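Protein sequence lines, in the order shown, are assigned to chains A and B. Residues in the first sequence are numbered consecutively from 1, following the UniProt record's numbering. Residues in the second sequence are numbered consecutively from 1, following the UniProt record's numbering.
One should not assume that every hint holds.
Unchecked claim - Partial pick of chain B residues on the chain A-facing surface, computed with a CB cut under 8 Å:
| id | residue |
| --- | --- |
| 1 | A14 |
| 2 | S175 |
| 3 | D179 |
| 4 | K182 |
| 5 | F187 |
| 6 | A191 |
| 7 | L193 |
| 8 | A194 |
| 9 | L195 |
| 10 | G196 |
| 11 | A197 |
| 12 | W200 |
| 13 | Q201 |
| 14 | V206 |
Bear in mind the hints are in silico, worked out from the structure with no lab data behind them. Small disclaimer: the values here were computed from a predicted structure and weren't measured. Think of the CB as a built atom: it goes at the ideal place given N, C-alpha and C, for glycine as much as any other residue.
Each chain is listed here by its residues.
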Amino acid sequence: MLETKRKEKSILTFPADREIALETNNLQVYYGDNHAMQDASLQFPRYSITALIGASGSGKSTYLRSLNRMNDGIARVDGEIMYRGLDVNADEVDIYQMRRRIGMVFQRPNPFAKSIYNNISFPLREMGIKDKSKIDGIVESSLKQAALWDEVKDDLKRSALALSGGQQQRLCIARSLAMSPDILLMDEPASALDPISTHKLEMTLNDLKEQYTIIIVTHSMEQASRLSDYTAFMHMGKIVEFDTTENIFTNPAVKLTEDYVSGNFG
Amino acid sequence: MDAVKKELTRKSKASRQDQRGKLISLACVTLIMLVVLSILYMITSKGLATFFENKMSIVDFFTKQVWNPSAKPQALVGALPMIVGSFSVTVLSALLAAPFAIATAIFMVDIAGKRGRKILQPVIELLVGIPSVVYGFIGLTVVVPFTRTVFGGTGFGILSGTFVLFVMVLPTVTSMYVDSLKAVPQFYREASLALGATRWQTIYKVIIRASIPGLLTAIIFGMARAFGEALAVQMVIGNASILPSDLVSPASTLTSVLTTGIGNTVLGTLPNNALWSLALVLLLMSLVFNLLTRFIGKKGAF
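Kindly generate the complete structure, drawing on both the sequences and the hints.
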């Protein structure tokens, strides 16, 4: 059969009645002279999981870190990142408030060297919440949402560093959830975890998408296909294809995407 | 076959070299150990001679205030003024230096960025390298008149000693604390920023907290340096072995009495032995400082 796929790029857009949580328009990211992300335009529908896939160095993490301005001071970012009608890079946006709304979970679990309880209560107190019972409530509910509550409820004063890697990562998720964000950005959250912890984490994310919009960078294509509703494939600093996960994995429009998801890459 | 066997059983050049190398390093280590042990033995035996040979009271040594080991008929060896002097300048200079060192180190690691660090690092290192006699000289010509005009008194005293030592320990504490701040994992900063913490909150609540063991180690190192510093302190403290009643009247430290007195005594006599006792106190204190840093280092992460 002759090759029929000749498209270079295929980006799904959503009808106007679909609620969009976050959207980038022609986003450019530069590290010095290195144009690491070019013309990235994506829409992330609310209450869904979007996976960003692509080879190492394709710009996934760069793109993700730009979304809540974790690249400030490291890279130069041009273009629009629209969140609730505001460009997050605009001067009038308070970066600290914005980061509470657009939370981030990192590749390596990074709990503070404090107790489980304090890992969650510490940022709350920094926000100015003084009421102990309110803090207790948020600690409990966010740990429950992150599916960690049953494992740690007997000893919240234990050091967070004594938890397993998977538990630490769920604690980090709980810590982000305690800020009551809209959007969770996740940079390969399962890459440091074993399969059982990964499975638990994925179940957690699946439950979370009813209340949050999740954008997840992953190296595992199985994870992207199991977990996400939409998938964007990136290559060499460009978004090659964005579509429903089903289409990306079963009927991709671009040849490059097909090669990547079927493992015939390079 | 026999040739191979012969070659295998004969010592090769490489293995002989290896053995020689081991022998040389063993010899060096033994020599150093011997030197350290003999210094320890000498100071301890001489220092204790005051109490066992000359029958002076240990309790008096630590509690009496009059230092006159050559007095007749009854020699007086009350080292309290010097001990108080040494501890005062040490603690005061460390207290004064700590906030400056913390601020400088944080500025260098978390605020100034690469270029700022490139400029500040050599400045700090230069301060470490200035000889103590130069600090003392500057102390004598600048700090003493300054203290005299601003705080009164003669200008010589614990306060001047504190100021001079402050400048001397500041770079030590700063550069050590810089190292321990650099060792705080980057992901602590990221985690905190991603939760919407400001830079100040991140520095104050996360980075400094995580580096407290390193900070304590740095301060204790600075104190050890201040405690052992002789020349610069001797030049500005006034050298009067009386218990200081305030910070601006002449006082003395263990080190300053040692440097001024050691040339005027005869080996084996009480005045000489008494100075050795002061040296023993110094030695024991530096041992304590050393053990403290080890203890903290073992407990702390960074």
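Going through the hints against the structure:
1. A14: Hint on B/A14: violated, closest Cβ of chain A at ~43 Å, above 8 Å.
2. S175: Violated, because the Cβ-Cβ distance from B/S175 to chain A comes to roughly 24 Å (cut-off 8 Å).
3. D179: 18 Å, violated
4. K182: 17 Å, violated
5. F187: 4 Å, holds
6. A191: With a closest approach of 4 Å, the B/A191 hint holds.
7. L193: 7 Å, holds
8. A194: 4 Å, holds
9. L195: This interface hint holds because 4 Å falls under the 8 Å limit.
10. G196: 4 Å, holds
11. A197: Interface hint status for B/A197: holds (6 Å vs cutoff 8 Å).
12. W200: 10 Å, violated
13. Q201: This hint holds: B/Q201 lies near chain A, its Cβ roughly 5 Å from the closest one there, short of 8 Å.
14. V206: 6 Å, holds
Hints 1, 2, 3, 4 and 12 from the list above are not met by this structure, while the remaining hints are.
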